[in-house]
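Chains as they are written, first to last, in the working numbering: chain A, 1 to 364; chain B, 1 to 364.
Same chains, same names: a pair is fine if it fits in one copy or spans any two.
Lysine to aspartate or glutamate pairs mimicking DMTMM-like chemistry, simulated, CA-CA at most 20 Å apart: (1) K33 with D321; (2) K233 with D289; (3) K233 with E295; (4) K345 with D282; (5) K233 with E324.
Everything labelled a hint here was simulated from the structure, so no lab data went into it. It should be emphasised that the depicted structure is a prediction, and the values quoted were computed from it without experimental measurement.
2 protein chains.
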Amino acid sequence: MRVRIEGQTLDLLAVQMEDYIVTMIDQRWLPFKFELRRLTSWQDTVKAIKDLVTRGAGSVGVAGAFAMAQAAHEIQTTLVLEFNHLFQEAAKVILSARPTAVTLSAAVYACLSAAEKGTTIAEKQANVDRVANQILASDISASQAMGKHGSALLKPQSRVLTHCNTGGLGIQDHGSALSVIRQAYEIGNLALVYVSETRPWLQGSRLTTWELQQYEIPHQLLVDSACGHLFRKGVVDAVIVGADRIVANGDVANKIGTYEKALLAHVHNVPFYVAAPLSTFDFDISTGDQIPIEERPAKEVRTVVGRLPNGGIGPVQVAPDRTEALNPVFDVTPARYVTGFITEKGVLTKIKPKQISKFVRKMG
Amino acid sequence: MRVRIEGQTLDLLAVQMEDYIVTMIDQRWLPFKFELRRLTSWQDTVKAIKDLVTRGAGSVGVAGAFAMAQAAHEIQTTLVLEFNHLFQEAAKVILSARPTAVTLSAAVYACLSAAEKGTTIAEKQANVDRVANQILASDISASQAMGKHGSALLKPQSRVLTHCNTGGLGIQDHGSALSVIRQAYEIGNLALVYVSETRPWLQGSRLTTWELQQYEIPHQLLVDSACGHLFRKGVVDAVIVGADRIVANGDVANKIGTYEKALLAHVHNVPFYVAAPLSTFDFDISTGDQIPIEERPAKEVRTVVGRLPNGGIGPVQVAPDRTEALNPVFDVTPARYVTGFITEKGVLTKIKPKQISKFVRKMG
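In isolation and in its complexed conformation, chain A is listed as follows:
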């Protein structure tokens, strides 16, 4: 992704590795402070994942894979059996950094099985390096491909509404929905992005606006509940969001607030697209009603984090002490409101259980 800083334009990834040094864009203080973290040991990388220096499905997976590569490289032994033991111990620690992140566990297990296929330590190290780099490369190509397929769907000069952050900070190199938006802008199919702020964490205000600024893509921020007004005014030509999970019948779990935007799009005859890699599809769950919805602490609703008047980053309290609050992190959008799934292998517009499983089996 492009980062413009102090007059310079850099081409960076949210997470990258060179000579076993991992570098992350520190997302915790964006958009107010841009900082890169250099992580010189696998333990440092684990701590950074845990401390949310990086976030987003893709970035967490890639960071985990790089931590595995660092670990394989840093283990001090010439004995294969001892290497295996120490590498597995490291894997456990890396897994525990974000216990529920599916991409992290997938990356760690892929690296473990790559190591098993080597006979010597050097072979094992080389195998892990290769798999870690493949994970990154496959994210980059999926992001690029989603952008290509999705951008062609939009009419010239479209005004697109998006929600949450679905850019290069979360999936290398350009994200999912935001990759579509970026490529659409390049080919003249996008005139303006409406960014809903995405309370309670404000990924829209803090991260999506920042990423769009890097590419100088015209955008306007709005509070989440102003979206309905835009639809009534007739100024939204398409909605594009990401997805956390897409289940067998096509129902979509995504950031809280997605469902309302899908319903608005449906009622106002505006296409609603979900951009997500094939790895997002989960056929073990048949309908959206069965998706467990994470509820987070009430405090996140009672406070808002931002740049304080003194220049520091911190919370302001916006509700009385101890106010009870509900904080569901995701909601479920019924398949009938989805116009199309934009994947790295193409766009699926027949949103029926059979068509979805056929498409994913054929392409995945």
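Chain A is already provided as a structure; the job is to place chain B on it using the hints.
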């Protein structure tokens, strides 16, 4: 309204007057600091209206009427002609405190015409006092009546979603929608209130939660875009909101975010009620599309005001500097999504232009 403070329970109005001293609940620092302002001259009262010490259609109108009564009382002359002149000069200043508040201008003109009807200065003063007190009394009885009519509509133990602040801080003594909620709770027709936070000003988090706490009415706060999730879970039995303007065909202008809640209620077969006094109906506008929608500064979207870590009240910045933002303050809910209008004269459920004008003419 009831205010519980330091173990005491007080019965207060947001704006009241005794011996020509106006007392206001200072809404600017609620819920973090409860303070009463004593305003001993009409100029002080005007400044307080201007500084947003009080807000809300009813409160601004009552405060304006009291400022007129203070002015009539404070004018230092024994000459009727000079009195008339000075009183009209004061009226101009009072009107300018909130130039677009319809209730303020209605109150000021009512007091001016009351003064004209007196022959002596003493008569004029008495007339203004009487009209000012009538304005307050009529708000109080309308609030009470809306509560009575609306609370009877709800089924026992209903779970009700509301938006923005529609309580006693805005219309004496108990507001519009919040008056319905309070009386419903008293008669066992309400179990729980869902309060949407209402960005950008957070009237839900800051004021509605505070008012509900005073009456110990069970409530849960949520971010605006979590409402859709509640409807999908089937835990909302009714929606009750206020209104800024209801036009001839029944379309409703109200706080931004109202439209989305009405649409959700419609799709999920949940009744959607609008509680508003008859004075809210405006037959000069035929449909919602003709209602001018105020757009406010982008800064309100880029910042959030709350209690800072150092205990002060101030803003945090939540988006990059100079991010362009849209900030429409109201949206329009089509009449077809409204189940009923709860007024001080009863409930209107036939939401057609003819029925609305017949009802308002008959009752108003």
